[in-house]
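Number of protein chains: 4
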Amino acid sequence: MLIKVRFFKCGILQCNVVLNEGDIVTIWIDPKRVFLVKLAKGKRLDTDKGYILYDDIIGKEYGDVLKLSRATAYLLRPILEDIYLDLKRPSQVLYPKDVAYMIYSSSVEPGSVVIEAGTGSGFLTISLAHFLGKEGKVITYDVRRDMQETAKFNASVLNLQDRIEFKLKDIREGFEEKGVDAVFLDMPSPWEVVEKAYEALKPSAALIVFVPTVNQVEKTYLEMEKKGFVEIHAEELILREYKVKEGATRPKNVGITHTGYIIRGRKSIKTS
Amino acid sequence: MLIKVRFFKCGILQCNVVLNEGDIVTIWIDPKRVFLVKLAKGKRLDTDKGYILYDDIIGKEYGDVLKLSRATAYLLRPILEDIYLDLKRPSQVLYPKDVAYMIYSSSVEPGSVVIEAGTGSGFLTISLAHFLGKEGKVITYDVRRDMQETAKFNASVLNLQDRIEFKLKDIREGFEEKGVDAVFLDMPSPWEVVEKAYEALKPSAALIVFVPTVNQVEKTYLEMEKKGFVEIHAEELILREYKVKEGATRPKNVGITHTGYIIRGRKSIKTS
Amino acid sequence: MLIKVRFFKCGILQCNVVLNEGDIVTIWIDPKRVFLVKLAKGKRLDTDKGYILYDDIIGKEYGDVLKLSRATAYLLRPILEDIYLDLKRPSQVLYPKDVAYMIYSSSVEPGSVVIEAGTGSGFLTISLAHFLGKEGKVITYDVRRDMQETAKFNASVLNLQDRIEFKLKDIREGFEEKGVDAVFLDMPSPWEVVEKAYEALKPSAALIVFVPTVNQVEKTYLEMEKKGFVEIHAEELILREYKVKEGATRPKNVGITHTGYIIRGRKSIKTS
Amino acid sequence: MLIKVRFFKCGILQCNVVLNEGDIVTIWIDPKRVFLVKLAKGKRLDTDKGYILYDDIIGKEYGDVLKLSRATAYLLRPILEDIYLDLKRPSQVLYPKDVAYMIYSSSVEPGSVVIEAGTGSGFLTISLAHFLGKEGKVITYDVRRDMQETAKFNASVLNLQDRIEFKLKDIREGFEEKGVDAVFLDMPSPWEVVEKAYEALKPSAALIVFVPTVNQVEKTYLEMEKKGFVEIHAEELILREYKVKEGATRPKNVGITHTGYIIRGRKSIKTS
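Chains as they are written, first to last, in the working numbering: chain A, 1 to 272; chain B, 1 to 272; chain C, 1 to 272; chain D, 1 to 272.
Derived from the structure by calculation, the hints contain no laboratory data.
Keep in mind that the hints are not guaranteed to be accurate.
One copy or any two copies: either way a pair holds, since identical chains are not told apart in the list.
[Unchecked claim] Under the rule of at most 30 Å between Cα atoms (straight-line distance), these lysine-lysine pairs were calculated in the DSS-like manner:
#1 Lys67 / Lys227
#2 Lys32 / Lys252
#3 Lys32 / Lys270
#4 Lys134 / Lys178
#5 Lys38 / Lys270
Pulled out of the complex, with its shape left as it was, chain A reads as follows:
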């Protein structure tokens, strides 16, 4: 689990690349051995390929290499996907491919203000905060305090907490904001809050919904159609990873075959 830390944001010129106590590092040995750690003097990471003393990392920089007894370890600057791997848990269904497309499709940009419900593990929350920048804002609703505490902690690890507002509230009672740039829903009954999302959105702005079943797709899509959204799309992204070997390249044989569906539409101004 991650611990609070100043994070990896650094401009191209003034970036301090020397790793210090408190920095977080992705230690990558191979695709099955990826570790997201916070550096602390005197601590160590034990793996079946050998151990790493954090003191040996301190003073190195991102991109550097360490020799273990039975492998090589690479010290990488954490990217969103590393964080995703670390967050993974049973309740997590949103994958990077989905989050990428949801954010892109919404056309939010640095400085946008968006609403999200529910918070869940905070993976979409953190991704949004990352892309919206310092001037952006993510307001995230959930009814479960424990989920929000975890997400809050994860966000603070990445020093993104100032871009996020956590609200412990059932959004079936409505959102507290008006004129937001996008609403993202990842919850069991999104059709129940389509109208609330409509009210919170700026005209022409996007509602983006993620659901795992086709029944939810149908209900949500039809409700959006009825409540004033236009240009509605229901889509699914299937990711195939390839195993590349000279003269023997092919897709991997076993993997994720389904995560969920993305429904998106834009608010039109209803004419009564």
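The hints should help you fit chains B, C and D onto chain A, whose structure is shown.
Frame of chain A, contents of chains B, C and D only:
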């Protein structure tokens, strides 16, 4: 085709929503009738569902509705996908799903500085400029002046030209930058410039490549492996769109079955 | 359109390979120019690549080659897929990939007796008759006389009419057979006849259903579960065709993205 | 593992449905508990849901039901897929979906004579023998005696041994047959024997090849093009299984993402 215009960036509070001459608008009638236009007094749009006088749009706001003789038209704030639809041409293979995943996987953020080659129609260029914000920078290389002129024009339409630097140069001679946050390649022989990309990248930063054939995947992946990249992935995204109807929901019957593959890896510091 | 003809069944030793008047031939020029014809003296086929006199085909054998003015034509023994291509029409949703899997999954064999409803264009009917052999039997129900007439005609072209029994009847009133080896359903409301299928089947035999929407999948699957079927599967087959070129192999860019879902289960003996 | 047994072929009228010692039965408890057994007096099957005495099965019929201490077991007539599940092993890559499409695409029929190489676990061999009927013949080549012994055993379990001829030979030296109705290849370097397959085939008959990598697809396809095959297709079948639940239907989350590619073409008579 688009024309130069001040663009739709507006904060949540100070956004001027009244449409004026010079603004660009997505006119959405149905999935097959989507038009990206620049408002000009006295002009009109003719469709098989009726005509629209631009003078009738001026004074309305994004999200508003217009009645045509045989349909309803919605005035939407353009999103990246609308621009994509307008840019589409035979040489265009990068789809929104691909661009979304490429940008996300690179973990670039507002303020990042990235390199791209080739420029092509400028769709990835514009998308990057959008997400990197005012303080970000996209340096885009191409050997074809005509392509760059088109991309330059498209970028200026969206008022993103200040975030983009166009360079007319064969990158097999190397990039002029060092320490960039990501390199994106969409060109026929990316394996020839993997080493050049390595030199231009900040340690631990990502190289993201898009290619249409499996042979290119293999060559690029193996070259990246050889030249110091780690955590390399070769992936493909298949998008399925659904046709939603009450009690009769199903995927669309005909569509895009392939765009290309995405290969990505991170620069490790080579130990000689 | 096909015409009645003695067909291509011939054993490995006694097969008369010399093509005569009345034989049917697949004339294959390229993937977009495939013609299924019945040879008749004095007739001709006109294509944009040149014409073919049927008199020039008579006397040749399957596998032979003809030179046209602007292309080469191959004379092939018709296979089920050629017939499929010739039958194609708006109402046709069952593709060879689906029919192949449906027949295989049912584990029918030469000599089996099966029921099918509805007949449709007869493509599944003909495929079943082909694989069940001379001693097999396909009993096919439909409420539309015109569909059955077309299917009957198509079957007679392939000389398969003796293996097929056409019944013009609404199967919601029940099937007239008992103890059949498999039941195949390709109709709008299969869940309404699941019980009828159960009654017609031999214990342990398979019910195989094809439907285009996910709503139909759910209704059919649940009804099968309720009515005594076990080992029920709901599956979908996605076919990707590749464009192979030396050093530039990739999936085709545009194609069929959905045909339908296959639900299958086996009859258990209900214990009351 | 299976044991020699008289098999389940029975016509619709004269089928002896009472299960006896020596019969094989698929015992289906749930999707994860499927057992293919040969009945023998005094023996038993132990599962974590309870045990079954074979003496309790003898005297029942296919489709019947048995109560276990913690579940219900269904006694099913084995279908090809059950046999597939029992045969599964690391070297097995051909799945039912692939075998179904390969057999269908070849348009073989009861009575056809076909060649196959290599034999492997014998799953394609058995499937072919099943569909070709008593008058059909499968000649299967392999260089490994152990593989052929296993396949021979499996075939005899299903009483299909009289339809299959096993040949222990490296087919790079050529096939011993001429004029066969189809050739099926499932081997590492199929392009090396494309010419041999051509020589063995009847004009217009099909060569069907299965390979796991894209490199093999390219080599095989190009060699077939060069050696006189026409109407060549390279295809891949992706199977998605659905989890059906009332109001919550969706594809399974994890599964097989790749098995292999199927290349097929028909022999034209070369004109020198």
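So, going through the hints one by one against the coordinates:
no. : hint            : result
1   : Lys67 / Lys227  : between (59 Å within a copy, 18 Å between copies)
2   : Lys32 / Lys252  : both (14 Å within a copy, 23 Å between copies)
3   : Lys32 / Lys270  : between (51 Å within a copy, 22 Å between copies)
4   : Lys134 / Lys178 : both (21 Å within a copy, 25 Å between copies)
5   : Lys38 / Lys270  : between (51 Å within a copy, 24 Å between copies)
Taken one by one, the earlier hints all hold for this structure without exception.
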